[in-house]
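Protein sequence lines correspond, in order, to chains L and R.
Quick note: the first sequence uses our numbering, first residue 1, plus one each step.
Quick note: the second sequence uses our numbering, first residue 1, plus one each step.
If you're looking for bench data, these hints aren't it; they were derived computationally from the structure.
Cβ atoms here follow ideal geometry from the backbone N, Cα and C, with glycine treated the same way.
Treat each hint with caution, since some may be false.
Unchecked claim - Not close to chain L: a few residues of chain R, all C-beta gaps over 12 Å, as computed: (1) D21; (2) R140; (3) V231; (4) V256; (5) K283; (6) L445; (7) D472; (8) R704; (9) A770.
As the list claims (entries may be wrong) - Here are the computed lysine to aspartate or glutamate pairs in the DMTMM-like style, where the Cα-Cα straight-line distance is at most 25 Å: (10) K247/R to D217/R; (11) K123/R to E282/R; (12) K185/R to E149/R; (13) K232/L to D181/R; (14) K860/R to E450/L; (15) K470/L to D25/R.
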Amino acid sequence: MVPTTTKDRSEGREEANPRTPPESRSTSGKAPKACSLSARGEPFLWGFGGSLAIGIMMILGFMTLILWNGIAAFYPKPLQVVTLRDGTLVAGEPIRTESFQPQEESPGKGDKEHGESPSAGPIPALRTLYRIGNFDLYNEDFRWVLESSVEKTATPPDLFFVERLEWGPFVGTVQSIDLAGSQIGGPSLSTNELYSAVEQAAERRAGIRSVERGDIAAVNYEMEEARLALKKAGLKYGPRSPEYQAAEKGYADRSAVLAERYRALEARAHELKSQDAKFTITLADVSGREKVQKLSDVVRMYPANLLSVFQKLRIYASRWWELLSQEPREANTEGGIMPAIFGTCVMTIFMALAVAPFGVVAALYLREYARQGRMVSAVRIGINNLAGIPSIVYGVFGLGFFAYMIGAGIDGLLFPERLPNPTYGTGGLLWSSLTLALLTVPVVIVATEEALAAVPQSSREGSLACGASKWQTVKYIVLPRAMPGIMTGLILAMARGAGEVAPLMLVGVVKLAPELPIDHFFPYIHLERSFMHLGFHIYDVGFQSRNSEAAKPMVFVTTLVLITLIAVMNAAAIYIRNRLKRKFSAGGF
Amino acid sequence: MTEGASGVRRRSVRRSVLVADRIADQTIRIGGVLVIAAVLGILVFLVYEVVPLFKGGTVQARQSFALQEPPKDIAALTLDEYKVLGVTVAMDGSITAFHARTGASLHVPSLDLKGKKVTAVAKTLDRKDLAFGFSDGTVRFARVAIEPEIIPAAALPQGLTQLSDGDSTDGVSVFSVIPGDQIRKVTAKIYLSDEIQVSKTGSPIVAMDYRSAGPWDSPRRSFVTVDGQGVAALNRVVSKKNLLTGKVSEKVVSTVLPQLPQGAPVSYALLTDNSDEVYLAEKRGRVYRYNTRNPQVPVLAETVDLLPRGVELTTFGFLLGEKSLVVGGSNGWLGIFFRLRQEEAGTPDGYGLVLTRKLEPQPGSITGLDAGQRGRLFVTTDGAGDIWVRHATSQRTLLRLQPEKDRGRVTATAFAPRGDGVLALQEKGGGTFWDLSIPHPETSLGSLFGKVWYEGYPEPSYTWQSSGATDDFEPKLSLVPLIFGTLKATFYSLMFAIPIALLAAVYTSEFVHPSVRATVKPIMEMMASLPSVILGFVVALVLAPVVESWIAAVILAFVVVPLALVFAAHLWQMVPAPVAIRLEGLPKLIIMFLCVAGAGGASYAAGPLFERLFFAGNIKAWLNGGVGSAAPFLFLLLMPPVFFAMAMVVPRWPGQNPGRSAGGEERFKAAALELVRWLGLLVAAAGCSYALALLLQEAGVDARGGFIGTYVQRNTLLVGFAMGFAVIPITYTLAEDALNAVPDHLRFASLSCGATPWQTAIWVILPTAASGVFAAIMIGMGRAVGETMIVVMASGNTPLLDLNVFDGLRALSANIAVELPEAVKDGSLYRVLFLTALVLFSMTFVINTVAEVVRLRFRKRAMQL
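Just chain L, same shape as in the assembly (with noise of 0.2 Å):
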């Protein structure tokens, strides 16, 4: 406290300044004539500063709720093995502990045949909550653990964690692995090997995964499309014309091809999946039920009690890199969320390309071209009211507008063949685009009316004397003037609009993308497809999924990415027009 109080000192001498503290003005040591208690309002003042104290509390408590969850989520947390009194072991993650109060001595009926008894009411109890894993075993993952019921707490170094690809993951014991044949048990296991096996396997995963969903997804993009060109050549020629006969004449000879290599490569996956399974792992929980699986399936393991600080760390960044790079699975729960991530940043993207031109062209309009007077001054509340109308809206205009009116109309133009299945006349990344430009086009235009204004009259003067046309100065003399303005506006909107989910609910987000809207396929860019989103994978896996408890730490550290994310715009808005109001602000006249 002491540095803020100097500063604070020195700048209270400061007197120049007429809203310098209320008291600077009787450092004088004259009082005033009149001064009663009263009129310094200091219980008032009080309720005021008081009010600001709870708004920044509430915004630090909350961002820091945020980064701590969001940062300690992946951090591995040891194991523990609880014995209840009644004998039954638990183990798990501890997650956390709280006092509540017990419901059962006190439920509703209860109450009325103790009578009035609230002096002996509930007692807070302790509780913890542990993660126990082994969902295909119990049935649950979570489990509360009541303070009292603890007989002894124990964490037992041999005790593993493994993720896995399914059923979540596994607390408990390894007991042996069966690498296609040689089985590997008890204490001969070592570490390295264990860990040299989920290598290997996890080699073998991308090696499926890449034939699965690499070669056999092309073939079968190539069969829908030959399926698709035949079926338009049919719409377009008719049923019994020459050309459809020729069509499907190819389109026979180049199924059989197609046909030919998806059986090749299913005989080869399958080949692969066979012989994967043939490394296996078995594990045991802490009381002993044993459980074999897949070495494949096992994303990771480590024993959590035995971890130093440094492997802890490697496994942190591990999972963040999961997190970054791959996939969703098990209902986005757990993986990656890099479909999420690619999805918002495209989307922002293509907003921001088309917000662009249109907000900026508005806003010239309004402010250099057209003429000042009662209609302009009623548009530019129109526009600050269209700031204010829900997202919602927006999204509603877009799904019935862009989507069902625009959308279907395309089909039927461009698309005939693959009806009734819509391409564009259902939500897709380009109908989003489209929606937030519209909804984020009232920030740019009033950025850029700004940036505009600001822009001094004499400079537009001196240009027109000069003898530049009226575009020349525009685009030679203001628009460069305006652009560090224009920038912040544009890139306010764009983290606008990377935060809005209420309108991508309707227009084109999914919970689960099959395909990326970017790939390799022709035309590479896939402005129908829907994508996901980071936001709405927050809403989605903190309030569809099975279990919200498994899933808050996937929820929290998505919204550590969008928050990192927005805040990264936010940044780039303040740097950029500091730097280019510098870069400008040379030439002055």
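Given the structure of chain L, go ahead and fit chain R onto it with the hints provided.
For chain R alone, coordinates are given in the frame of chain L:
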């Protein structure tokens, strides 16, 4: 500059420059106007999508024809789903089938009723199944099944007769060309069952009703009959399949209903689908309602006259779902009755028939009723030959159809199963077919914004329930609960956010050093850039459980934090002036922080104690109304107003004004006195309000059931808090800007006249900036009205109409987000959701426009000052 020089110059302007200039000029103008038009386009588009909701139906086409062999004594007229085939069954069992649009006759074998005289006919709602009652007390069932079949175009038989464009016939079936190079073949098939002797005495059947489910060869049939001797019986056909022979044997299980009054001439009978209710009606309008829930012990539950004396009952039937009983009279009167739970009716089963909807009367007596098979559309025919298409929920008369007058009385009408066509036959063999389009019959201003008495509801209500589990669900599309939800969320969030935002703005603008302001303001603005989905998630998933287990502490915090601040202020007054001046600014703000945090911590610690003292130890039970008394909470509510009233009344005593020559000593004394006065007032106010609370409690006042009540985990309190994050920054920034825009010379003038900064802020700055501050509030309100994700996630989405702050709500915006993805394009729900968006648009538009106009005025005024 000489003329020559300028001339030279002009020539030297490159053409490309001029062209570019012109192109840019045009582009920018057109582009600018387009952008602005696009923005208006949103409004226009929303209106365009909404307007069809309020349009009635339209007649797409009308075709009149004359039947070659006019059927006599029509018992039933059936129209198929595709509106191509009409089939009449006459009382003598003869069948006439014809093309519905041209009247061209088709060959369908007649029913062989062995020449017996039919005395009663019953048909099911879909008009497929018929039951005939004969003069000898026997009953036979028939089915007219119109079966469509899709065949490829190549399989179209040769030698068909063209009927109308697209339709042709081979004399038995109708073939229609449908998209996708296919042909739809529609054929009528007739089935007839064996006789069943129902009346033991062989007395003729005078009235009957029939329900059938399942395929023809193993149906579940139930029917009610009344014979000429007034014996009413509920019969069920039990079919059993012999496993060895495969033969189906049928057995009729009859239950004789309690005896009707002697000589009651029953003319109408109705039976519900699961045969738990039987209605018998006399011509004079007397209805006997039997409760047959227990088929062994049927009860005559109610005898009631539905029509005034002198009016003859002419129409008696159910609508889809069998909850609406349509009753029509000979004077054109038409009403809908529900069977509702009515304890005061004194009926044995506690139900009673209640007239819930009175529909527009028709000019002639109501002679025919045709219920639609999707929704609550139905057609009524009157004696004058008018055919009206109506909807039960919206109580609208959608279309008034008139067949040609010169062809006599309308003898039969059929309403197309999809509600998109009406076929009417007339006495002299004339027939008319209307192709209708009634896309949104269930919506009207009344049903969207008014109270509607829905099926099964005990009273008219505002209800939103757009979809149900069963096909015969009646959609309830009242926007009132949604608008109420939006207003409720807005109100509670503004209650929380506006004081904080405004007070913080005043403090930032007037009482802290600009350097502090420069850090504080961006922090508050940072809140504005938080996506609302994050706010919603944190509040609903992280905060909601915490708040739920610490409600008492949260309520306590609302009391403790202000008290602690005021208490701290009084202590601060006692701090010697030099020290106070030194600590002014940031340190003081930090002390305030600590004060708020400490108060928060104290309320957390004292929560359980508070709960025990005020809410009988269990606040949730207390909120449910189960335990405890109302007084403690009333006391909390009364405390602030009583305190302020007393503070107004009780004067300051003389020694309290240290003013004249305030030395340190005297100042301290005055401050101490002030503190004593405050504490004294507090205690006195507490005593007073407790006494008042007790009085009010005696008078039966209880806040529970009003704006507090049963606690739900996702509730308005949380919505208000989360929305605070959205509303506070925007209101704060705008209000602070407005206060800051007040020119400094006003401050200087006020301060130099001897006003304290407090007086300056309240009496000079705030009034000057009032309109700007008002605009800030309005814009904050606009934000709260339209906020979507927070409400979706934190509010529980229950469309309720109560003020309870601990209960959920469903806002307009959340409703769109939740329901629009599943709404069928161009359906009623889809358009109603567009209407919702339009309402939202209008609400924010009004709020924002007011704000904007006020803000512009303020800006002008601030410029002039």
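Results for each hint:
At the 12 Å boundary, the C-beta of D21/R falls inside the reach of chain L, the nearest C-beta of that chain being 4 Å off. Even its closest Cβ contact with chain L, about 45 Å, leaves R140/R beyond 12 Å, as expected for a residue assigned away from the interface. At the 12 Å boundary, the C-beta of V231/R stays outside the reach of chain L, the nearest C-beta of that chain being 51 Å off. The claim that V256/R lies off the interface holds: its Cβ sits roughly 46 Å from the closest Cβ of chain L, which is beyond the 12 Å cut-off.
Residue placement check: K283/R keeps its beta carbon more than 12 Å from all beta carbons of chain L (closest about 52 Å). With 12 Å as the threshold on Cβ separation, the claim that L445/R sits away from chain L holds: the shortest Cβ distance comes to roughly 21 Å. Here D472/R stays apart from chain L, with its beta-carbon at least about 28 Å from theirs, past the 12 Å limit. Distance check for R704/R against chain L: the nearest CB is about 15 Å away, which clears 12 Å, and the non-interface claim stands.
The Cβ of A770/R lies farther than 12 Å from every Cβ of chain L, with a closest approach of about 17 Å, so its non-interface assignment holds. Restraint check: the Cα-Cα separation between K247/R and D217/R comes to about 10 Å, which is no more than 25 Å; the hinted pair holds. Taking the CA atoms of K123/R and E282/R, the gap is near 19 Å; set against the 25 Å cutoff, the hint holds. A distance of roughly 5 Å separates the Cα atoms of K185/R and E149/R; the hinted pair therefore holds under the 25 Å criterion.
The straight-line distance between the Cα atoms of K232/L and D181/R is roughly 16 Å, inside the 25 Å bound, and the hint therefore holds. The suggested pairing of K860/R with E450/L holds, with an alpha-carbon distance near 17 Å, which does not exceed 25 Å. Proposed proximity of K470/L and D25/R is supported: the alpha carbons are some 8 Å apart, at most 25 Å.
Going down the numbered hints, you'll see the structure goes against just number 1.
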